[in-house]
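S.K.: So you can see what is in the structure, the chains are spelled out below.
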Amino acid sequence: MVFTNSQNSFGNRRPEQTEYIVSPHIRVRKEPFGLLFFNTQNTKLTFVQSGDILQVKRLPSGKRLLCVSEGDSRQNLKKTLANLVHRGMILES
Amino acid sequence: MRENPDPELGLRQCFEFIDELDRLSIFQINFGGGEPLLREDFPDILAYAHTKGITTCVSTNGTAHDESLARKLSAMELARIQVSVDGATAETNDAIRGKGTFNQIIRGIELLKKHGFKHLSLNTVVTRKNFREIGPICELAGYFGARIRLSRFRPSGNAKQMWEKYHLDREQLIELSEFLNAHPEILTGDSFFSITDATRRKLGLNMCGAARMTLSVLPDGSVYPCAFLRDASFMVGNIARDRLDSLWIHAPVLNRIRNIRIEACESCSRFPVCHGGCPAVAHFLTKSLDQPDPECIVSFREEIQPYAETV
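So the protein sequences, as listed, match chains A and B.
Here this note's numbering is used: the first residue of the first sequence is 1, the next is one more, and so on.
Here this note's numbering is used: the first residue of the second sequence is 1, the next is one more, and so on.
Derived by calculation from the structure, the hints in this document are not laboratory data.
Keep in mind the model is a prediction, meaning the values are calculated, not measured.
All C-beta atoms in this analysis are idealised placements derived from N, C-alpha and C, irrespective of residue type, glycine included.
Be careful, since some hints might not be right.
Claimed, not checked - Listed next, the in silico DSS-like pairs over lysine-lysine satisfying Cα-Cα at most 25 Å (straight line):
#, chain 1, residue 1, chain 2, residue 2
1, A, K44, A, K30
2, B, K113, A, K44
3, A, K30, A, K57
4, A, K63, A, K44
5, A, K44, A, K78
6, B, K52, A, K44
7, B, K118, B, K72
8, B, K72, B, K52
9, A, K30, B, K287
10, B, K99, B, K52
11, B, K165, B, K287
12, A, K57, A, K44
13, A, K57, A, K78
14, A, K57, B, K52
15, A, K63, A, K79
16, A, K63, B, K165
17, A, K79, A, K30
18, A, K44, B, K287
Said to hold, decoys possible - Not close to chain B: a few residues of chain A, all C-beta gaps over 12 Å, as computed:
#, residue
19, F38
20, L45
21, P60
22, N83
Using the sequences plus the hints, can you model the full thing?
M.R.: So, in structure tokens, the structure goes:
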């Protein structure tokens, strides 16, 4: 899996990694517990207890990327990301 | 520092405030009243929030929009509207909201539906006057394809004077609790956690969001922890002169709200469900923020039970 800060010190991208884009109808912000997602279509909140592992970066285009601390590949995190993809909250790019 | 010479924030100040909310990644702005739709530039304020991706929810009396405004609102994907109706009949509603308002509200709802407004809900503040019409009010919402939200009557603002006459008695609160538990489709926001069953936890916040998730900003820019805690002693600051992020972190009033400790509740099995209930109700009925919500369903049952056993 890859993440936006997925380049090594030589600027090379790790081939096995995946990027995630936050879906257009989803807003997200960092909270002390992790990330708080808000679905603008139904106003539902989703609490992701990820601590500092997941970060959100806003690109100049307005898109938001979900970033994972480099090298973090714990199983729970993979499940969480897969769940967010399944629910249409983030998209694999 | 921004100046605020007028009693109500100007359009530019509203835009600047929305910019600040966007910078803080705020998800939703709820507009209440008074009547927000009476402000002529209100559609511009909504549209500006939507350009930032911020969802808006407008609480309206349902009588202030015409055909043109209904059309504009219906074109706003991120707008939600909540129309206040306090009875299933003109007799009940008008006794609370004013003569002739029921028919005006129905016309207002029909206008929004005519233009295809999607995210419509009806909101009813539950009182003794309309308690027996909750079922028909839900049916009324269903007829218009709208969701229903039941709100708690709280002894704050003008309601302080009406409290004794309008608030639900204990048996009614227990009956309402059972009704809500049987109808998970009914929205309550987080106002009814004092009577809400554990099964409704997943439907919303299970604790007061004031100073944790929400703030209330008045038309003049003054900030309070909650729309129901607006005594002068709870004033946090004013967005016309203060930065919201600074107020959020440093304001003593907000930190006081965050540090409410209700020791009498902490050993209760329901504490994880309600966290002591509504601080505003506790404050206005007991003069203390650190007291249990006086309308707590557990305390009712404890008081009712001995009586029931002797009958």
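S.K.: Hint by hint, say whether it matches the structure.
M.R.: Comparing the hints with the structure gives:
Of the pairs offered as hints, the one joining K44 of chain A and K30 of chain A holds, with about 16 Å between alpha carbons and a cut-off of 25 Å not exceeded. Restraint check for K113 of chain B and K44 of chain A: satisfied, since their Cα atoms lie roughly 24 Å apart, inside the 25 Å limit. Among the hinted pairs, K30 of chain A with K57 of chain A is consistent with the structure: their alpha-carbon atoms are about 10 Å apart, no more than 25 Å. Our distance criterion of 25 Å between C-alpha atoms is met by K63 of chain A and K44 of chain A, whose separation comes to about 20 Å.
Restraint check for K44 of chain A and K78 of chain A: the C-alpha separation of about 22 Å stays at or below 25 Å, so the hint holds. Restraint check: the Cα-Cα separation between K52 of chain B and K44 of chain A comes to about 18 Å, which is no more than 25 Å; the hinted pair holds. Taken as a hint, the K118 of chain B and K72 of chain B pair is honoured in the structure, with Cα atoms around 13 Å apart against an allowance of 25 Å. Taking the CA atoms of K72 of chain B and K52 of chain B, the gap is near 18 Å; set against the 25 Å cutoff, the hint holds.
With a C-alpha separation of about 36 Å, the suggested pair K30 of chain A and K287 of chain B falls outside the 25 Å cut-off, and the hint is violated. A hinted pair counts as satisfied when its Cα atoms are at most 25 Å apart, and K99 of chain B with K52 of chain B does not qualify at roughly 40 Å. Distance check on the hinted pair: K165 of chain B and K287 of chain B sit about 20 Å apart at the alpha-carbon level, within 25 Å; holds. Taken as a hint, the K57 of chain A and K44 of chain A pair is honoured in the structure, with Cα atoms around 22 Å apart against an allowance of 25 Å.
The hinted pair formed by K57 of chain A and K78 of chain A meets the criterion: a straight-line CA distance of about 19 Å does not exceed 25 Å. This hinted pair checks out: K57 of chain A and K52 of chain B have alpha carbons roughly 16 Å apart, not beyond 25 Å. The straight-line distance between the Cα atoms of K63 of chain A and K79 of chain A is roughly 23 Å, inside the 25 Å bound, and the hint therefore holds. Only pairs whose Cα atoms come within 25 Å are accepted, and K63 of chain A paired with K165 of chain B is rejected, the gap being roughly 53 Å.
Proximity of K79 of chain A to K30 of chain A is assessed by CA-CA distance (about 19 Å); at most 25 Å being required, the pair is judged to hold. At roughly 34 Å between alpha-carbon atoms, K44 of chain A and K287 of chain B are farther apart than 25 Å, so this suggested pair is violated. The beta carbon of F38 of chain A is not kept farther than 12 Å from every beta carbon of chain B, the shortest such distance being approximately 4 Å. The Cβ of L45 of chain A does not lie farther than 12 Å from every Cβ of chain B; its closest approach is about 8 Å, which violates its non-interface assignment.
For P60 of chain A, the requirement that its beta carbon stay farther than 12 Å from each beta carbon of chain B is met, with the minimum near 15 Å. The Cβ of N83 of chain A lies farther than 12 Å from every Cβ of chain B, with a closest approach of about 16 Å, so its non-interface assignment holds.
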